[in-house]
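J.: Letter by letter, the chains look like this.
4 protein chains.
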Amino acid sequence: MAKIGFIGLGIMGAPMCRNLLAKGHDVTVYNRSREKMAPLVAAGAKDASSVARLVEEGDIVITMLSDPTAVWEVVAETAGVLSALTEGKTYIDMSTVSPESSREIASMVRKTGADFLEAPVLGSRKPAMEGTLVILAGGDPEVAKRMEPVLHAMGNKVVYMGEVGLAAHMKLIINQMLGTLLCVFSEAALTGMAGGIPAEKILEVIESSVVGCQAIRIKGKDMLGERRFPAHFPLKHAHKDMRLAVLAGDAAGVPTPVTAAAYQLFSIARERGFGDRDVSAVLRGLTEK
Amino acid sequence: MAKIGFIGLGIMGAPMCRNLLAKGHDVTVYNRSREKMAPLVAAGAKDASSVARLVEEGDIVITMLSDPTAVWEVVAETAGVLSALTEGKTYIDMSTVSPESSREIASMVRKTGADFLEAPVLGSRKPAMEGTLVILAGGDPEVAKRMEPVLHAMGNKVVYMGEVGLAAHMKLIINQMLGTLLCVFSEAALTGMAGGIPAEKILEVIESSVVGCQAIRIKGKDMLGERRFPAHFPLKHAHKDMRLAVLAGDAAGVPTPVTAAAYQLFSIARERGFGDRDVSAVLRGLTEK
Amino acid sequence: MAKIGFIGLGIMGAPMCRNLLAKGHDVTVYNRSREKMAPLVAAGAKDASSVARLVEEGDIVITMLSDPTAVWEVVAETAGVLSALTEGKTYIDMSTVSPESSREIASMVRKTGADFLEAPVLGSRKPAMEGTLVILAGGDPEVAKRMEPVLHAMGNKVVYMGEVGLAAHMKLIINQMLGTLLCVFSEAALTGMAGGIPAEKILEVIESSVVGCQAIRIKGKDMLGERRFPAHFPLKHAHKDMRLAVLAGDAAGVPTPVTAAAYQLFSIARERGFGDRDVSAVLRGLTEK
Amino acid sequence: MAKIGFIGLGIMGAPMCRNLLAKGHDVTVYNRSREKMAPLVAAGAKDASSVARLVEEGDIVITMLSDPTAVWEVVAETAGVLSALTEGKTYIDMSTVSPESSREIASMVRKTGADFLEAPVLGSRKPAMEGTLVILAGGDPEVAKRMEPVLHAMGNKVVYMGEVGLAAHMKLIINQMLGTLLCVFSEAALTGMAGGIPAEKILEVIESSVVGCQAIRIKGKDMLGERRFPAHFPLKHAHKDMRLAVLAGDAAGVPTPVTAAAYQLFSIARERGFGDRDVSAVLRGLTEK
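Chains as they are written, first to last, in the numbering used here: chain A, 375 to 663; chain B, 375 to 663; chain C, 375 to 663; chain D, 375 to 663.
Just to be clear, a hint being listed does not mean it is correct.
If chains are identical, the list can't say which one is meant, so a pair holds when it fits in one copy or spans any two.
As the list claims (entries may be wrong) - Taking lysine-lysine and the DSSO-like style, the derived pairs with C-alpha atoms no more than 30 Å apart in a straight line are:
#, residue 1, residue 2
1, Lys575, Lys519
2, Lys575, Lys614
3, Lys575, Lys500
4, Lys595, Lys519
5, Lys377, Lys500
6, Lys610, Lys420
7, Lys610, Lys397
8, Lys663, Lys610
9, Lys531, Lys575
10, Lys397, Lys575
11, Lys377, Lys485
12, Lys610, Lys485
13, Lys575, Lys420
14, Lys377, Lys420
15, Lys663, Lys420
16, Lys595, Lys531
If you are wondering where the hints come from, they were derived from the structure by calculation, not from laboratory data.
Only chain A is shown next, with the shape it has when bound in the complex (with noise of 0.2 Å):
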C-alpha cells in the first residue's frame, strides 16, 4: 500500500480520500481550512503539519481542488508543493484545470525529478463517495500504469488519454457537451412546456429516447419544476469552460458555431445574476421566471 499526502478535503476530495482509507492506503492530509481535516483523521488518516511535511513524507502527492488559481498557489505558490518535491514522488493533480496550465504544472513537476499525472473526474459528490468516479489520465504511460492502483481506489474507471493536456482537454469536451445539452434541453422543454406538455411527460419521453442521459436525469426535474438551481457545477465555471471550448476549437481550426451560441447564453444567464447557480441555471437566460 502507497504512502500517499492528500491534499483538498472538500465536497470531491473528502469522500475520496475516504475511499484511499478503506483500500488500505497508508494517508496524510492537509487542508487550507483545517477544520474539514478532523473527520478525515478520526477516519484514520495522519494530520500533516504542513504541506511541506506532507510532499516530503509521501510517495504519491494528490491535490483536489477547486479551480486552477487554488492548484497553482498550493503548487507553485506559497504552499510550495514544487519546493518539496523529488525524484522518486510522484505528484497527481485531479482538479479540473485547462490544458495549458495542466502542462506547465507538468513542466515544472518534471524539473525537481518527480514524475506527474493529470487525472480529472469524471462524477460528482455521489460517485465520489461510492468510488465510481470516472478518472482520466493524461501523462507518461508507465507513470499512468503504476499510478492505476491508486487511482481504483476512487475510481471504478480509468481512461488513459494519452500525453499530459489531454486528459484535461477530454474533461472540457464533457463540459462543453454538457453546456450546449442544457441549453437545447432548456429551450425545447419551455417550448413544449409554453404549448402544454407536462414537464414530466417532456421528462419520460427524453428519458426513453436516443437523447436520454443522465445530465438530464439529474437536472432535468429542477429545470422544469423549482428551479432551485442549487450548485453542483456553478454556471461560472461552466462558462469559463464554454469560453475555453470555443478558443480550444479557434486554436485547432474547427469553427465552433453551436458551442459559441450556448456560450453566449451562459453570459446572458450571468449578466442576470445566476453566475453562483448551478450550470442547469443557464435556463435563466432565456426566461424572467
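With chain A fixed as given, assemble chains B, C and D onto it according to the hints.
T.: Just chains B, C and D, lined up with the frame of chain A:
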C-alpha cells in the same frame, strides 16, 4: 383482435406491420409502390385493392408515411382516406408531422365522425423490427386507451401526451435535442482529435459520462471515422425540424439561440450538398474533410 | 394632376398625403379613426364617405397602413378596396408587408382588371414630411413608370426593383441589416463603455469610420445614454422581420447564421418586455440596465 | 518642426511618412526590408543605419507595423527601440494592437523615462496617401496634445480617447462592427439575389438607406460580383479581432451573441481557405460559389 388497414410499408412501416401480424391482428395493407406489399401478403396480410376499400373494411386505419405531404395526399387528396372514414372507425397517423398539420388532419377526420389519434414513434429501423419503439400518443384519452393494445404490438412503451399536436410537438423536441447534440459533439470531437485525442477515447469517455446517450453510441463512430453518413434520418428532414423548433419557440415566446445556431449549421451542411445524407453529416458543415 | 384616394393617415401617411396636396394633386382621404382626417381636409383634401366611394371616384388608390393585417382588412375584407377596383384604376400599396403577402394582394387586384404596384418606403417621419423618402417600386414596369410622378411627390428617389415582391424583399433586407447592426453596435459599445470609453467618443469615432451610417447617428445617442427607446419602429415588428429574413434565407438555400443570432437577441429583448419599444431596445437583451 | 524617426514603410507607413516630409518634418526612416527605404530617402528622408541610431537622433519615434508581434520585436527584442529610449523622447505606436499589448508596451516605455502614445488609425491606403486618416490617440493627455501637430500631418481628424488601451479598444470596436456588418450584408444580399433582385439594385438601395456606409460602398460591388476579395484587410486578422471582441465582452461582463456568431462565420470562411483574402471573403463561409 382488430381489423386493421395499414398504409405505408417503408423502412419503418413494413416491420411495424409484421409485428401487428405476429400478434394475431387481421391486417390489410396498401402501399403506393405495390411491389412492397408482396412480402407482407406472404406473411399473412391481405392485399387491399384500393385505399378506399382498405378503409371501408377495417376498424382501424394506420398510416406510416415519410412526410406530411405524403400524409396529406393519402388522407385528403387522391388516395382519399377521408372520404371513406365513418363513425366507429379510428384513424391513427404514426408518421412524423408538425403539430399544426396534425391538428388540421384531426379536425378533418373528426368531421367524418371517425376517431383520430396521432402516434409518432421514437426509434428507427431496428426497434421497429424488434417491436421496441417508443410510441407517443396524442388525441382523445378514451381513444388512446382503446388503441393501446394495438400500439403495444409495435412498441414496448406508449406515452400518452395529451391532446392532438402534443405528441407531434414532443417528437420535435427530441429531434431538436438530437440535432443540436450532434452539432456540439462534432465541434468538440473534431477539436479533441485535432489536439491529439484518439476518436475511440473520445467515444469511450463520452459513453461513461453524464452526456453518454444512444445517439452518440449509434452515430459517433462513423462521424469520427469513415464519415459515410448512411441516411437513417436524412439531414434535410432534420434541418426542417430545426426550423420548426425555432418557429415553435418564437410562437411560444421562448428564445432559442442555441437551437437557432444549430439550425444554421444544418443550413451550411445542406448548402455543401449533404441534405440527402444522414443527420450526422451536419459535421461536414464544420470541415471540408 | 391625378385623382388620388389615400387610405391611412398615420405618422407616415399624413405627411405623405400633404406632399401630394402640395404638388397640386386632387386627393380624397380616408382613415379608420376619422378624427385624423380633419387636418388633411383643412389642408385641401376631400373627405371620403366610405372606402368604396374613395375607390370609385379616384384613378389611383394608395394605402399606407401599419401592417399586413391592416392592409388585408382594408383591401380584401370589411373595407373592400378590392370590390370597388375596376380596369383603368391603379392601386399602390406603400405599407411594409412580406413579399408573399404582396404577391397575394397583387394577384387579387389584377383579377379586378386594375393595376397594382407595391411601393414600400425607406425613411421615417422626418423624410416623410420633407418629401425625401426613398420609394422602392415593384410591379409591372409600365405601371411603375406611369406612377413615378405621383411617387416623386412623396419621395426624392424612386428605385424600380422589378416584379411584385422584390420591393418588399428589398425592404426586408434593409431591416435585416439594420436589426443586426443595432445588435453588434450594442455589444461593442456596451463593452467599450464598460472599459472606460465615453459614449460620445464611441459615437464620434463610429461616425468617422467606414461603418458610420445614419442608423447609428439617429439611434446611437439614446442607446448609450438615456435609453428611452421611443418607438419609431417597434421592436416586435423588427423581430418579425428578422424571422422573415431567416426564413427567406432558408427558402433560398442561403445560410444566415448571423441574422439568426440577431433574431434571437430580439427574442430575448422581447421576452424581457421591450416588444413595444423601439427596435433599438434590442440593447436590453444584453443588459438588465 | 520635429525630428522624427519612422519605422515601418509598408502600404500604410510609406504614404504616412511622405505626408510628414511634405509638412516639412525632419524624418529618418527604417525598414526591415531595406529596399523600401530608397523611395523615401529620394523624397527627402534620412536613412537610419540602425534602429538604435534612429531612436537616439530623433525626438519622436513612430512605428507603423503590421501586427503586435512585429511591434514587440522592434520595441522590446532584437531591434531594440526600448533600450535607446530616454527621458525627453516620445514613442508613438500607430500599429493596430490589442489593448492589453498596448498597455504592456506603454508600461515598458515609461520605465525608460520616455513618453508613450498609442495612435491606431482608421482608413486604409487611399486616406493614408491623402492624409485623411482618422487617428485615435490613447495616453497621457499632455503628450497627446503635444503630438497633435505631428499626427495632423498624417490624418485630418485626431480623436483623443483617454488612457492607453482605449484607442486600441476603440479600433477593435470598429473592426467588430465592420466584420459583423459584412456578414449580415452577405447573408441578406445572397438571399436577395437568389430571389431575383439584381446586385446593383441591392447596393443602390442600401446606399440610400439608414445602413448605407462606406464599408458597403467600398466592398459591396466585389462581394456581389467578381468575388476576387483583394486583401486590404486580411480575413485572418479580422477573425482574430472578432475573437478579441468576444473576449473583451466576456471580460467586461457584456454578452456578445451576435459578434460571436459572426466570429464563427469567419472561422468557417477561414477553414474553407480564405484566411489570406480580404475580410469581405467572409461571404464564402455561406456559399461554395
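J.: The structure should be examined with respect to each hint, and the outcome stated for every one.
T.: Consistency of the hints with the structure:
1. Taking CA atoms no more than 30 Å apart as the test, Lys575 paired with Lys519 passes between copies only; the shortest distance there is 17 Å, against 46 Å inside one copy.
2. With identical chains, the CA atoms of Lys575 and Lys614 are at most 30 Å apart between copies only, with a shortest distance of 24 Å across copies and 33 Å within one.
3. For a Cα distance limit of 30 Å, the shortest separation of Lys575 from Lys500 qualifies both inside one copy, at 26 Å, and across copies, at 24 Å.
4. When the C-alpha separation of Lys595 and Lys519 is checked against a cutoff of 30 Å, the pair qualifies only between copies, where the shortest distance is 27 Å, while the shortest distance within a copy is 40 Å.
5. Proximity of Lys377 to Lys500 under the C-alpha cut-off of 30 Å is restricted to the intra-copy arrangement: shortest distance 26 Å within a copy versus 52 Å between copies.
6. Taking identical chains as interchangeable, the C-alpha atoms of Lys610 and Lys420 are never at most 30 Å apart, the minima being 35 Å within one chain and 56 Å between chains.
7. In this homomeric assembly, Lys610 and Lys397 never come within 30 Å of each other (Cα to Cα): the closest approach is 35 Å inside a single copy and 54 Å across copies.
8. In this homomeric assembly, Lys663 and Lys610 come within 30 Å of each other (Cα to Cα) both inside a single copy, at 20 Å, and across copies, at 20 Å.
9. For a Cα distance limit of 30 Å, the shortest separation of Lys531 from Lys575 across copies, 13 Å, qualifies, whereas the shortest one inside one copy, 33 Å, does not.
10. Within a single copy, Lys397 and Lys575 get their C-alpha atoms only as close as 43 Å, which misses the 30 Å cut-off; across copies the closest is 28 Å, which meets it.
11. For a Cα distance limit of 30 Å, the shortest separation of Lys377 from Lys485 inside one copy, 22 Å, qualifies, whereas the shortest one across copies, 51 Å, does not.
12. Taking CA atoms no more than 30 Å apart as the test, Lys610 paired with Lys485 passes in neither setting, with 34 Å inside one copy and 37 Å between copies.
13. In this homomeric assembly, Lys575 and Lys420 never come within 30 Å of each other (Cα to Cα): the closest approach is 51 Å inside a single copy and 37 Å across copies.
14. In this assembly of identical chains, the alpha carbons of Lys377 and Lys420 lie at most 30 Å apart only when taken from the same copy (11 Å versus 72 Å across copies).
15. In this assembly of identical chains, the alpha carbons of Lys663 and Lys420 never lie at most 30 Å apart, being 49 Å within a copy and 53 Å across copies at closest.
16. In the homo-oligomer, the alpha carbons of Lys595 and Lys531 lie at most 30 Å apart both inside one protomer (28 Å) and across protomers (21 Å), since each shortest distance falls under that limit.
Consistency note: the structure conflicts with the earlier hints numbered 6, 7, 12, 13 and 15.
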